[in-house]
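In case you want the letters, here they are:
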Amino acid sequence: MTLALPAASSSSSWRQPSILPGFGLSLGITISALSLVVLIPLAALFLKAASAGPADIWAIIASPRTQAALRLSFGAAAFSAIVNAIFGLIIAWVLVRYRFPGRRLLDAAVDLPFALPTAVAGISLAAIYAPNGWIGSLLAPFDIKVAYTPLGVMVALIFIGLPFVVRTVQPVLEEADIETEEAAALLGASRLRTIFRVILPGIVPALLTGFVLAFARAVGEYGSVIFIAGNVPMVSEIAPLLIVIRLEQFDYAGASVVAMIMLIVSFSLILAINAIQAWSRGRLGHV
Amino acid sequence: MSVAVTVESIQKTFANFAALRGVSLDVQPGELVALLGPSGSGKTTLLRLVAGLEQADGGRVLFDETDTRQLSLRDRRIGFVFQHYALFKHMNVASNIAFGLKARPRAERPSRSEIDQRVSDLMELVQLKGLERRFPVQLSGGQRQRVALARALAIEPRVLLLDEPFGALDAKVRKDLRSWLRDLHRRTGHTTLFVTHDQEEALELADRVAILNEGRLEQVGSPDDVYDHPATPFVCEFLGEANKLPVKVVGSQAFFGDRPVLGGLQQNQGGPASLYVRPQHLRIVDEAPLSLPGVVEDLRRNGAVRRAEVAVQGLAKRLDVDLASQVAPARGERIRLRISHGSLFAAA
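Protein chains in written order, with this note's numbering: chain A, 1 to 287; chain B, 1 to 348.
If we strip away everything but chain A, and leave its shape as in the complex, we get (with noise of 0.2 Å):
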């Protein structure tokens, strides 16, 4: 005698059964919330540059006063991101590995440019590195300028970028096995072989997501550059920018196919840059 086995159920093969319920309530929550706050209005924006037609198009994206911008947008925000990864790596080795007066203070420090209004933070840069300013006058004798130059763009972007490193790694970072480390001194491996065969695999994940998020801030800031930055098109312009000036200009469509070329490089970069993450989770097992 067989026993019926119940009818395959009406959900696909790509469902595992569950004795935990709330699969469709949840992913229909978080469909409409995305959707929403993020979809609807992606999409809208795509529309919109499709109205431009092909060749309106083409002139914008050719343009060189849209491609310095991009140029520019994109570049700074990756090296203030790669700068964020090394500072923030050592900000946030110092403030897990040693106990020393204040380390409280420079924790909470850390978190400032999260809380700060950006507007603030770029007037205060560009105070500071302006060439009478504090920082900005004792570059001054080696010609180097700071403020209204790209330069400036770059320092604006470290400074909001910057906890995002430190707060991704430091976690990851204090549950570091320290056996692992005695073990290697032990192998007898050097203090550095230590640190780069050892410790930092452990938390290329870490540094990447925190590296992801620095970027993709960056990318998008406005407030605090457009203070620093000097904003001349061609050279201290940035992309943001320019999608505000098209729209001060009635261009809708212009700054719609800007804003649809940033879209679709961040999303490409962060996509590429995940899949790099995933790849090094599944060797480490976890993180």
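Rather than coming from a laboratory, the hints here were simulated on the basis of the structure.
Cβ coordinates follow ideal geometry from the N, Cα and C atoms, glycine included.
Fair warning: there could be bad hints in the mix.
Said to hold, decoys possible - DMTMM-like, lysine to aspartate or glutamate: derived pairs with alpha carbons at most 20 Å apart:
| hint | chain 1 | residue 1 | chain 2 | residue 2 |
| --- | --- | --- | --- | --- |
| 1 | B | K317 | B | D286 |
| 2 | B | K89 | A | D177 |
| 3 | B | K89 | A | E181 |
| 4 | B | K89 | B | E132 |
| 5 | B | K89 | A | D143 |
| 6 | B | K102 | A | E182 |
| 7 | B | K244 | B | D298 |
| 8 | B | K89 | A | E182 |
| 9 | B | K89 | A | E175 |
| 10 | B | K89 | A | E179 |
As the list claims (entries may be wrong) - For the chain A half of the interface with chain B, some residues (derived, Cβ under 7 Å), not all of them:
| hint | residue |
| --- | --- |
| 11 | E175 |
| 12 | A176 |
| 13 | E179 |
| 14 | T180 |
| 15 | L186 |
| 16 | V198 |
| 17 | P201 |
Add chain B to chain A, keeping to what the hints say.
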């Protein structure tokens, strides 16, 4: 290759907590010594001090004639195995094992083919052939610990230190690894110190057992020595079960109440004392002299042996008695017990 390890009156204090209070220990080249004690006894601290992972507040550790304070961690050439393996998660098994060889300064580093050969030999030794490309997360606990051991052996250590190597493994794997380690030690002959809180493991594995309690060494000796002739009540109670009888020593006999229970004593000490008797050293007898009357209250199975709980008048706690013969007494039966072996300690 292996060296003698000499620990000379080591002291170590952590923030008001005295972890070690003057411990001295000699380990012969090639010897396998177990550091046994309850948690907080200082056994892991002692191991970490020998490794150089902690600094002593007083005393010193010698490898043969060399004071280890003059040696860097690398020059100590120590193979250390951690309880939780401490493998490099992002490296596969072969890279983990090769790590110590690749970390040597260029002048001393073996060639690539020599390293490969050595890794392959070690994989054979720890019976993990074929798993070279696996990552630690893909291995079972027992396999991980064998990788950790192979990694430690790769640098041809002068001393092998194992910190509760089987502590995180389940009972069956633990038993297998225990006999495997014993066998491995016989073949490789490294001077080995290993920490455990499992008395059975210590007695089975070690050439000698050092028992620590509250930062002091209670006794060092062969497994037979420490088990049969414990130097202190602590050692007696820590190494397996023991019944405790308050007795009074007069001449060569020990009296429980006014009844002589053990004769032929060598000690000259008279007066009140505690007599510790293991369950297997109590025998049910028929004749009266030198015996203890009692009533069988309960019968239990304890692994391979059956055990009777015997109530004795004047003793709050029942005596545990291992039953040697197939014929078991019945519950409630009146019996007499003879003590065949016991350890006597003057009452404090």
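Verification of the hints:
1. Among the hinted pairs, B/K317 with B/D286 is inconsistent with the structure: their alpha-carbon atoms are about 23 Å apart, more than 20 Å.
2. Note on B/K89 and A/D177: the hinted pairing holds, with a Cα-Cα distance of about 11 Å set against a maximum of 20 Å.
3. Between B/K89 and A/E181, the direct Cα distance comes to roughly 12 Å. Compliance with the 20 Å bound is thereby established for this hinted pair.
4. The straight-line distance between the Cα atoms of B/K89 and B/E132 is roughly 14 Å, inside the 20 Å bound, and the hint therefore holds.
5. Between B/K89 and A/D143 the CA atoms are separated by roughly 49 Å; this puts the pair beyond 20 Å, and the hint is violated.
6. For the given pair, B/K102 sits about 17 Å from A/E182 by alpha-carbon distance, which is consistent with the 20 Å threshold.
7. A C-alpha spacing of about 19 Å is found between B/K244 and B/D298, which places the hinted pair at or below 20 Å, so the restraint holds.
8. This hinted pair checks out: B/K89 and A/E182 have alpha carbons roughly 14 Å apart, not beyond 20 Å.
9. Straight-line distance between C-alpha atoms of B/K89 and A/E175 comes to about 14 Å, which keeps the hinted pair within the 20 Å bound.
10. Taking the CA atoms of B/K89 and A/E179, the gap is about 12 Å. The hint holds against a cut of 20 Å.
11. Interface restraint check: A/E175 against chain B, minimum CB-CB distance 12 Å, threshold 7 Å, status violated.
12. Interface restraint check for A/A176: the shortest CB-CB distance to chain B comes to about 10 Å, outside 7 Å, so the restraint is violated.
13. Because the closest C-beta pair between A/E179 and chain B is about 4 Å apart, less than 7 Å, the hint holds.
14. Nearest Cβ of chain B to the Cβ of A/T180: about 5 Å, under the 7 Å cut. The hint holds.
15. A distance limit of 7 Å between C-beta atoms decides the matter here; for A/L186 the minimum to chain B is near 5 Å, and the interface restraint holds.
16. With a least beta-carbon distance of about 6 Å to chain B, the hint placing A/V198 at the interface is held under the 7 Å criterion.
17. Among the interface hints, the one on A/P201 holds; its C-beta lies about 4 Å from the nearest C-beta in chain B, closer than the 7 Å criterion.
Hint compliance for this structure: hints 1, 5, 11 and 12 are broken, all remaining hints hold.
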